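From just these sequences and the hints, can you work out the full model?
So the sequence lines, in the order shown, correspond to chains Z and A.
Its first residue numbered 0, the first sequence is counted upward by one per residue in numbering that gives the first Met the number 0.
Its first residue numbered 0, the second sequence is counted upward by one per residue in numbering that gives the first Met the number 0.
Source of the hints: derived by calculation from the structure; they are not laboratory data.
This one's a predicted model, so the numbers in the text were calculated from it and none came from an experiment.
Every clue listed holds true.
Lysine-lysine pairs mimicking DSSO-like chemistry, simulated, CA-CA at most 30 Å apart:
hint, chain 1, residue 1, chain 2, residue 2
1, A, LYS168, Z, LYS131
2, A, LYS6, Z, LYS131
3, A, LYS6, A, LYS23
4, A, LYS95, Z, LYS404
5, Z, LYS338, A, LYS73
6, Z, LYS141, A, LYS12
7, A, LYS6, Z, LYS141
8, Z, LYS182, A, LYS12
9, Z, LYS131, Z, LYS182
10, Z, LYS131, A, LYS23
11, Z, LYS131, A, LYS17
12, Z, LYS131, A, LYS12
13, A, LYS17, Z, LYS30
14, A, LYS163, Z, LYS131
15, Z, LYS18, Z, LYS31
16, A, LYS73, Z, LYS344
17, Z, LYS18, Z, LYS131
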Amino acid sequence: MSEFILLRHRDIPDLDQLKVYLKNGGFEAWKKVVTSMEPVELIQLAKDSGLRGRGGAGFPTGMKWSFVPNNLWPHYVVANADESEPGTFKDREIMESNPFQFLEGLMIASYAVQAQNSYAYLRGEFWQIGLKLNQKIAELEKAGFLGDNLFGTQYSLRLHVHMGAGAYICGEETALLESIEGKLGQPRLRPPFPAVAGLYASPTVINNVETLTNLPPIVQNGATWFREHGTEKSPGVKIFSLSGCVNNPGNYELPLGAPFRKLIYELGGGIPEGRTIKAIMAAGASSALIPATEAALDTPMDYESVANLGASLGSASVIILDESVSMSWLAQKTTHFFKHESCGKCTPCREGTYWMAHILDRIEDGGASAKDVDLLFTVARQMQNKCLCALGEFSTMPVVSSLEKFRRDFLARVDGQTR
Amino acid sequence: MNELLAKYPKEIKAILAKYPPEFKRSAVMPLLHLAQGDPGYITPQAMQDIADICGISITEVGSIVGFYTLYYDKPLGRYHIQVCTDMPCALRGADKFLKELCERLGVKVGEPTADGLFVIEEVMCLAACHRAPMFQVHGDGDLVYHEHQTVDTALAVLDAVRQKAAVEKEAKA
Chain Z
0 MSEFILLRHR DIPDLDQLKV YLKNGGFEAW KKVVTSMEPV ELIQLAKDSG LRGRGGAGFP
60 TGMKWSFVPN NLWPHYVVAN ADESEPGTFK DREIMESNPF QFLEGLMIAS YAVQAQNSYA
120 YLRGEFWQIG LKLNQKIAEL EKAGFLGDNL FGTQYSLRLH VHMGAGAYIC GEETALLESI
180 EGKLGQPRLR PPFPAVAGLY ASPTVINNVE TLTNLPPIVQ NGATWFREHG TEKSPGVKIF
240 SLSGCVNNPG NYELPLGAPF RKLIYELGGG IPEGRTIKAI MAAGASSALI PATEAALDTP
300 MDYESVANLG ASLGSASVII LDESVSMSWL AQKTTHFFKH ESCGKCTPCR EGTYWMAHIL
360 DRIEDGGASA KDVDLLFTVA RQMQNKCLCA LGEFSTMPVV SSLEKFRRDF LARVDGQTR
Chain A
0 MNELLAKYPK EIKAILAKYP PEFKRSAVMP LLHLAQGDPG YITPQAMQDI ADICGISITE
60 VGSIVGFYTL YYDKPLGRYH IQVCTDMPCA LRGADKFLKE LCERLGVKVG EPTADGLFVI
120 EEVMCLAACH RAPMFQVHGD GDLVYHEHQT VDTALAVLDA VRQKAAVEKE AKA
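Quick look at the structure:
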């Protein structure tokens with residue numbers, strides 16, 4: 000038995016070996032859905048569980064599946080394993096150490112929408128994980144868990160791994176589909192949504208790795224059991240990737256709604272060298288900064304409560320910033336990331352990230368005036384609500400929030416004041 | 000004559016089987032990974048071969064190579080030593096690590112070492128924020144992470160790669 004629902008490998012050695020996974024209840028959920036459940040029952044189960052997408056948006060998984068029309072075929076399921084948000088490293092641990100639970104989840108999602116070919120899109124840097132997953136898929140085919148007429152039914156399924164090649168934007172679901180289709184990873188205009196016209200213009204469900212990994216235990220134990228964890232609106236557990244200025248960075252599996260304080264101090268061991276915490280980024284580089292007040296530290300980490308702080312839980316990549324960090328330096332770092340990763344398709348993002356990066360370089364180099372700080376704010380605000388996908392919007396989050404909450408850090412750099 | 004197809008018939012067949020037969024273009028990324036493995040970059044001939052296999056123009060293949068950072072269209076160092084200096088890694092000393100690594104190797108970022116074996120690059124987040132400083136070694140069709148690094152451990156990793164390359168060279172000769 001394991002205390003964990005997702006990171007079960009931490010309690011069960013060699014869980015990435017098929018025989019060990021089978022001994023620990025592996026693929027019982029898979030057999031159950033294929034041999035005894037109608038797809039519509041499975042979709043209802045996902046809806047009842049309240050499972051929400053773990054990739055960042057928190058969209059209800061069962062509802063997403065139910066949007067797939069049954070008069071258009073074939074259907075596809077794609078696992079989004081492009082994990083590239085600075086501060087996020089949870090899907091990687093799942094795929095490295097508990098790969099079968101992830102694959103079983105992908106298979107269950109495929110059955111829910113009756114997809115017969117499903118893909119896992121991995122960022123190219125996960126090369127070793129890609130090799131490993133290919134091996135695991137081959138083992139599953141050999142063991143009869145994948146292939147034609149599974150368990151003697153009419154249902155057939157095959158899984159394929161598609162490797163990316165270094166592009167953050169491919170985590171955006173429509174850019175990801177373009178990338179599988181062999182095109183530049185640039186987002187599509189919506190509508191149509193992928194549920195209707197996704198991969199190869201067919202109805203497609205795209206789910207995050209962690210979302211999928213929740214499915215086998217939900218099928219095994221039921222929706223009521225799942226709702227025993229987490230909060231009413233954000234049920235279940237979540238993997239929090241903790242990084243930055245903290246003594247014990249790493250992945251922590253906690254019920255949604257656990258307070259920041261528990262993650263940062265109890266599990267994370269607090270701030271190095273006794274320094275004072277300054278701010279929290281809850282959603283990686285895409286975060287609005289949360290000043291680390293006592294009230295903020297006591298805030299439950301669930302989708303609603305973090306939104307009430309004017310931020311977002313996103314994929315729960317919690318980056319800790321302490322008093323030694325200048326927010327103007329931070330904004331320069333995140334902006335350079337987004338400038339590099341902007342796909343160049345829409346003007347506000349392409350030009351906006353470029354100019355924000357220029358102004359921030361000038362500020363950090365000590366060649367800026369207070370007017371430049373105002374200009375930076377104007378450029379960032381101009382970008383908001385105008386970009387084709389979320390990347391451009393994300394790029395403005397740390398800039399605008401740091402200017403609003405830590406403007407003094409920027410002013411300390413201007414008018415000839417250097418570090 | 001499609002050189003790539005002649006060199007890797009089995010691999011290319013397996014790649015094409017992953018996608019619907021009417022969407023051969025989907026194979027372009029796995030084919031680029033395959034083609035890049037041996038010379039370490041995408042040659043113009045490989046681009047043409049891939050275009051022919053996928054039924055698209057060489058310009059379209061070229062645009063894919065340009066868009067994605069893990070494809071190289073020039074021979075620049077056999078092993079790309081890619082250090083993440085993104086914000087979470089920088090908070091754990093990645094900028095200093097990169098600077099000192101370059102100093103010890105006597106090269107600048109983006110400049111190959113004298114033996115042409117390594118080129119040090121600064122890259123964006125590699126999903127290893129909790130184990131920084133870290134880097135990946137990309138070359139010979141493989142990609143390996145090295146985490147919890149110091150400049151000394153990094154230099155030892157590079158030495159091991161250098162020795163492996165020397166042994167292979169001898170074996171070939």
